[in-house]
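K.L.:
So you can see what is in the structure, the chains are spelled out below.
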Amino acid sequence: MNMKDKKKESSSRRRFLRNIGLGIGSAAIVSAPALASNGGDDDAGEKVKVLTSDGKLVEVSKSAIKVAREETKVQILESQKGLPHRKFVMVIDLAKCKNARKCVDACQEGHMLPKDHEWIQIYLLQDSDKSAKYWFPRPCYHCDSPLCVSVCPVGATYKREDGIVIVNSKRCIGCKFCMTACPYSARVFHWKDPEAHVPEDHVYDPELNVPPVEGTVGKCVFCADRLRNNELPRCVKACPMGVIYFGDLAEDAVTNGVETLRFSSLMVDKHGYRYMEELGTMPSVYYLPPVNRTYPVELGFEDLDPAISERYKTQTITGEKNK
Amino acid sequence: MSEFKENLIKDLTPEIEKTSRSWYMIFGFFLVIFAYGINGLVQQIDKGHIVTGMRDNVVWGVYIVNFIFFMGLSYAGALVSGALHLFKTPWRAPVIRLAELITVISLAIGPFFIFFCVGRLDRLPYLLAFPRIQSPIVWDVIAILTDVFGCFIFLYISFLEDFAILRDRADLNVAPWKKKMFRILAIGYTGTEKQRKILGFARNVMAAMIIAIAIIVYSVLAWIFGVTLRPGWHSTIFGPYFVIAAIFSGVGLLIILMAIFRKIYNLEKYITLKHFVNLGIVLFVIAAFFGYFTFSDYLTKWYGSVKMDKILIDKLFTEFNLFFIFANYIGILTPIIIIAIPKLRTIRNITIAAVIALVALWVNRYIIIVPTLETPFLPIQETRPDWTNYSPTWVEWALTAAGIAVFGMLFMIISKLAPIISISEMEEAEEKRILELSKEKES
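Note that the protein sequences, when read in sequence, are chains F and Y.
With the working numbering, the residue at position 129 of the first sequence is 129, and numbering never jumps.
Whatever position you read off the second sequence (first residue = 1), add 1000 for the working numbering.
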């Protein structure tokens, strides 16, 4: 497909979406076989029901439907560009986190990950043995100077215009160099077959990164598939405490789904910081310090799976065993 | 033909002409180990990398250690043979071929350990199809490919004269296919003045080139680690440190192979104590450099006590203490002591020192790779012990053993196809000796 065709296709798609007044990507929800069999037929009278991204069921004529994102190749190219004029940013309010782990569950469900693959991992940290412990959710930081992207030998991981770093599971050769390059342990490897049960008509898309592939590296993708539909990432939506804020630096606004705040004043008022700023990786994830906490840290151990509870007994300061 | 050459050929050709029963037995033994390794590889491909000891924190293990180790041997072989040739070292003749063979054989094995480490073996061609020049792995791919060509050419042109000698010997009692092979590989070389000139020039050029290539290529390999931000790896000394370490292991292996072939192929007349002592002195100098580099790297880290460096060094001095002592004290001091005291300089002692140096260097590689990966910036909060601490599984050991077995097998096969001591080099050395003797007489 040359550039001209691609442009034509995308502009016609936009027109279509405008006409029926739906968000981008809603057409992708229509099952692929139905589209394939009726794409070019002249049966304008027939109507089909289509589910929109905001949950409404609408009727459109079959002939007007075009598949918005039909083949993997286009999606991969699209996924490399990112959303235009956006710069996504995340703010995590450590004062509110109580280790409810809803973000982890939502992430694993959404990306069909095995239980031991935590794209967002919750640490129990302590800055020194005199200071208090606090819960510390760590997604991928989507650094603006990402070492993982620099070291990838085949371009399987890339930095997009909107700041998101994505892994293409169809390109990754599994050399794990990115895992040694990332200072935040944000990347995980599929050491065995992930055994994800994907619907048959599912088309691979790096923005969702489903299905996971054995022998490749995975990590948080800021739910780029949802952002394309103007939705918040899964972890942000799932968090019952409103810990995670997500937004666009260009709009200078972040939201946790309940309240929307001005990013720049939030950083100043609450003294936002980035984890290990001194490494020069320039993360897109900011933290608000764990002061005036909503819940005591012990609450995080309530109703916790004993296997997970056990891991916080190992070490809270790097290199120092807990007493 | 001179009497010297005649005797030399008589001493060396029996190994090409016939194969002993013990040769087959040792070869069969290696073959069994190799099959065991293949079994491990099949398991790994079938069940995934979960059968190895590698996990999300320690993503690289024994495979990478072996890769660095074999590549180091290869580069060392290139450096040593290149330097011996270029500087016209007078005693080089009986040992230079062994060094050249180390280069090529290790080079044929090393990259396989990267293949074992890669999660998707089927996508390996992507390295050539979609290379990104920003990545040090791509630098390494380019470097190794260059090195493969350079080393094979160097090895071939150093064999060329011997192929011609073997081709011209009618009384050589070998299979017809071997005779045919010598004829083809000699590509019409007859030793005319012009041919000798061209060959000599080509060998000089290639010797200089492979010295440069070896240094560049091994530095590139070191930078794969150096460019990351990891404690212990993020060090400016890594390039030269790796090059020195490589020569250290390569000279060690050369001494070991000299001892082995001297014994089983009855080469006591040609490979003498002088060669062991001379290479021992090279080992001594390199050990001193290697110890100096190791010391200065760890001293600055320990004294500065940056948090992550301190945690790493604490780990090396507690959990990995025995490895550290063996790799960096015993491994470096033993060769220094044995060579420094003239009384201790026997063939047996020097060979023991070389074995210790070689094993210690492997362990040194291990404690460069594994402890660093066990020390990420964020604490490892994990209950599964294999996720926190790396320990290699039988699959990794099986493939490691298979790598060594293949090294042995390739050496054994080549020693049956061509003389393990270069006839042409020996002849040249002898001619020079006679020339000098006659000059002395005249004056």
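Source of the hints: derived by calculation from the structure; they are not laboratory data.
One or more hints might be untrue.
Capping the alpha-carbon separation at 16 Å, the derived lysine to aspartate or glutamate pairs in EDC-like fashion look like this [what the hints assert, rightly or not]:
{"#": "1", "chain 1": "Y", "residue 1": "K1439", "chain 2": "F", "residue 2": "D193"}
{"#": "2", "chain 1": "F", "residue 1": "K321", "chain 2": "Y", "residue 2": "E1017"}
{"#": "3", "chain 1": "F", "residue 1": "K192", "chain 2": "Y", "residue 2": "D1046"}
{"#": "4", "chain 1": "Y", "residue 1": "K1194", "chain 2": "F", "residue 2": "E251"}
{"#": "5", "chain 1": "Y", "residue 1": "K1310", "chain 2": "Y", "residue 2": "E1382"}
{"#": "6", "chain 1": "Y", "residue 1": "K1307", "chain 2": "F", "residue 2": "D193"}
{"#": "7", "chain 1": "Y", "residue 1": "K1307", "chain 2": "F", "residue 2": "D105"}
{"#": "8", "chain 1": "Y", "residue 1": "K1269", "chain 2": "Y", "residue 2": "E1427"}
{"#": "9", "chain 1": "Y", "residue 1": "K1047", "chain 2": "F", "residue 2": "D127"}
{"#": "10", "chain 1": "Y", "residue 1": "K1179", "chain 2": "Y", "residue 2": "E1017"}
K.L.:
Could you grab the alpha-carbon distance between K1307 of chain Y and D105 of chain F and see if it respects the 16 Å cut-off?
P.N.:
33 Å, violated
K.L.:
Is it true that the CA of K1194 of chain Y sits at most 16 Å from the CA of E251 of chain F?
P.N.:
With Cα atoms ~77 Å apart, K1194 of chain Y and E251 of chain F exceed 16 Å; violated.
K.L.:
Checking one constraint from the list: CA of K1439 of chain Y to CA of D193 of chain F, max 16 Å. Satisfied?
P.N.:
75 Å, violated
K.L.:
Just to be careful, I want the Cα atoms of K1307 of chain Y and D193 of chain F compared with a cutoff of 16 Å; is the pair within it?
P.N.:
37 Å, violated
K.L.:
Holds or violated: are the alpha carbons of K192 of chain F and D1046 of chain Y at most 16 Å from each other?
P.N.:
10 Å, holds
K.L.:
K1269 of chain Y and E1427 of chain Y were given as a pair; does the straight-line alpha-carbon distance stay at or below 16 Å?
P.N.:
This hinted pair holds, its Cα atoms lying about 15 Å apart.
K.L.:
What's the verdict on K1179 of chain Y and E1017 of chain Y, does the C-alpha distance respect the 16 Å limit or exceed it?
P.N.:
11 Å, holds
K.L.:
Starting from K1047 of chain Y, check that the Cα of D127 of chain F is at most 16 Å away, please.
P.N.:
40 Å, violated
K.L.:
Quickly compare the C-alpha distance for K1310 of chain Y and E1382 of chain Y to 16 Å and report which way the hint goes.
P.N.:
Measuring from Cα to Cα gives roughly 22 Å; hence the hint is violated.
K.L.:
Has the given pair, K321 of chain F with E1017 of chain Y, been kept, meaning a C-alpha gap of at most 16 Å?
P.N.:
The hint is violated at about 65 Å.
Checked against the numbered hints above, the structure violates hints 1, 2, 4, 5, 6, 7, 9; every other hint is satisfied.
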